[in-house]
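Given the structure of chain A, go ahead and fit chains B and C onto it with the hints provided.
Protein chains in written order, with the numbering used here: chain A, 1 to 260; chain B, 1 to 64; chain C, 1 to 224.
These are calculated hints, taken from the structure and not from any lab test.
Do not rely on the hints blindly, as some may be mistaken.
Examples of chain A residues toward chain C, derived with CB under 8 Å [said to hold, decoys possible]:
hint: 1; residue: Phe39
hint: 2; residue: Ala42
hint: 3; residue: Val45
hint: 4; residue: Ile148
hint: 5; residue: Leu152
hint: 6; residue: Leu159
hint: 7; residue: Arg168
hint: 8; residue: Leu175
hint: 9; residue: Ile187
hint: 10; residue: Ser190
hint: 11; residue: Val191
hint: 12; residue: Trp193
hint: 13; residue: Trp194
hint: 14; residue: Gln254
hint: 15; residue: Met256
Glycine residues also receive a C-beta, built at the ideal position from the N, C-alpha and C atoms.
One letter stands for each residue in the lines below.
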Amino acid sequence: MGGIGGIADFDRMMNGFNWYKYASPATFYTLAGRLIPWFYGAAAVLCAAGLYIAFFLAPTDFQQSEAYRIIFIHVPAAWMSMFIYIVMAAWAAIGLAFNTRLSFMMASALAPTGAMLTFVSLWTGALWGKPTWGAWWVWDARLTSELILFFLYLGFMALQAAIDDPRRADRAGALIALVGVVNVPIIYFSVKWWNTLHQGASISMTKAPSMAAIMLEGMLVMALAAWMYAIAAALSRVRSIILERERNSQWVAQMMEAEA
Amino acid sequence: MSWNSWTEFFHMGGYAFYVWGSYAVTAVLIAGEILLLRTHRRKALELVRRTVKYGKVGNNEETA
Amino acid sequence: MNMLQIVNVVLRRELILAMRRRGDVLTVLFFFVIVASLFPLGVGPDPKLLRLMGGGVVWVSALLAAMLSLGRLFASDYADGTLEQLILTPTPPVVWITGKILAHWLVSGVPLILVAPILGVQFGLSGEALLVLVVSLLLGTPVLSLIGAIGAALTLGLRGGGVLVSLLVLPLYIPVLIFGAGAVDGAMSGLGAEAHLSLLGSILILAFILTPWAVSAALRISIE
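Only chain A is shown next, with the shape it has when bound in the complex (with noise of 0.2 Å):
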């Protein structure tokens, strides 16, 4: 008896949900409505939690003294810098293969938060490698590809804001996207290369001093937090996005009546 019931439930879950319900920009945009104060709130709980640890567990390092408390920004940030771009990359792909308009909507909502990110971690690592290393800038594998994701990022923003036509500017973003995170692997392998060949005084910035737990623990809370704040900017900004490109449809107008 339990069993055929599992059956029929599993069934139900399959056939009754309505999956594509979600892929109609109407409904997402109340669900967003509802989700983003979450992911805000979420983020920023997070965050203080992650700065209690980077301030106030985190003993001082022994090589780089206090100045190494940066990473509990640049490591979180990188990090998210490539996730973002991975999961824009993935919106683009289920938009062109099923030609869901609210998927290219998310991958565009994405991006300038990705990008902010990526300048963060550029930001960051730049001031921690003044202190440390003693050169504003190093040319070492992962700044060096940061900055490259961070052209990535903004070749697809440009080719974006230089089409008119919406839908041309959907699949074409979502095409350099593709094309983009097919090459980031190629392109890390190689700077890494790259990197290794000229390898001079410089000191590799990935052979991070022997990491404290708590220092790990303090990037992945921090890492957590960057996540649930990104969800919740891309939320709002694909609300935006999908009120500009549906003002021309009955349940925006119905809408905008009922809240006036």
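For chains B and C alone, coordinates are given in the frame of chain A:
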């Protein structure tokens, strides 16, 4: 990690410029993005109100 | 007509059209030479420094010249409607796209390969380094045409023009630059260029197989 005083905390072992420079710029950028998000939403709502009021609006058209 | 014949026909058409517009072709070549000559003027004539920089400078100049030439790839066919007609033919687009890119490389890439040794001599590169430079460009410039074609296809008829294509395409060029200039470096330092050249070769094969499909998709997106 115990700081002996707030002054010591802000001093950051002499690296105040780098540490606070990083955290401050990040905070500014995040605040900036949130501000831009609100402006974006405001502009989108204005566009929608104009559309509902005056009928279909194209991509770059100005209403009369 | 089979595929090879189609490529042949497209190739001949492109070459004839390029011959009529010789100015465009020569401009790109002169740009290559001028840019490469700017570097010594910028950093000083110290021969040791120039010899170290030479491979990289020639390669960067080749990159920039390649990018400059991308505008010609689809623009005129797009403007007069030929591109639409080509897409409407029963031939799979990857076939004539390959033909177009091959023609582009012959017209914009090969001249660079031929002139590069002269520039290399200006930088004091050794004989072996010059040879490696030529081989690396031989392997790398087709990749520049292939990847560049994606950028050209995506930006058909757009305002941004050449700058937008640069922003899109230059990050993708970076691995080619690293291995190309690295090969010359390897030859000069004695560490050998084989690894770099084999990697360049692999990238070329990969690009040759994959990019025409991306270009085809990009053209469809731009034209619909």
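Going through the hints against the structure:
1. Phe39: Not OK, violated: Phe39 (chain A) not within 8 Å of chain C, min 31 Å.
2. Ala42: This interface hint is violated because 33 Å lies over the 8 Å limit.
3. Val45: violated (36 Å)
4. Ile148: holds (5 Å)
5. Leu152: OK, holds: Leu152 (chain A) within 8 Å of chain C, min 5 Å.
6. Leu159: With a closest approach of 6 Å, the Leu159 (chain A) hint holds.
7. Arg168: Since chain C brings a Cβ to about 6 Å from Arg168 (chain A), closer than 8 Å, the hint holds.
8. Leu175: holds (6 Å)
9. Ile187: Cβ of Ile187 (chain A) sits 6 Å from chain C, so the hint holds.
10. Ser190: holds (4 Å)
11. Val191: holds (7 Å)
12. Trp193: holds (7 Å)
13. Trp194: Hint on Trp194 (chain A): holds, closest Cβ of chain C at ~5 Å, below 8 Å.
14. Gln254: violated (31 Å)
15. Met256: violated (32 Å)
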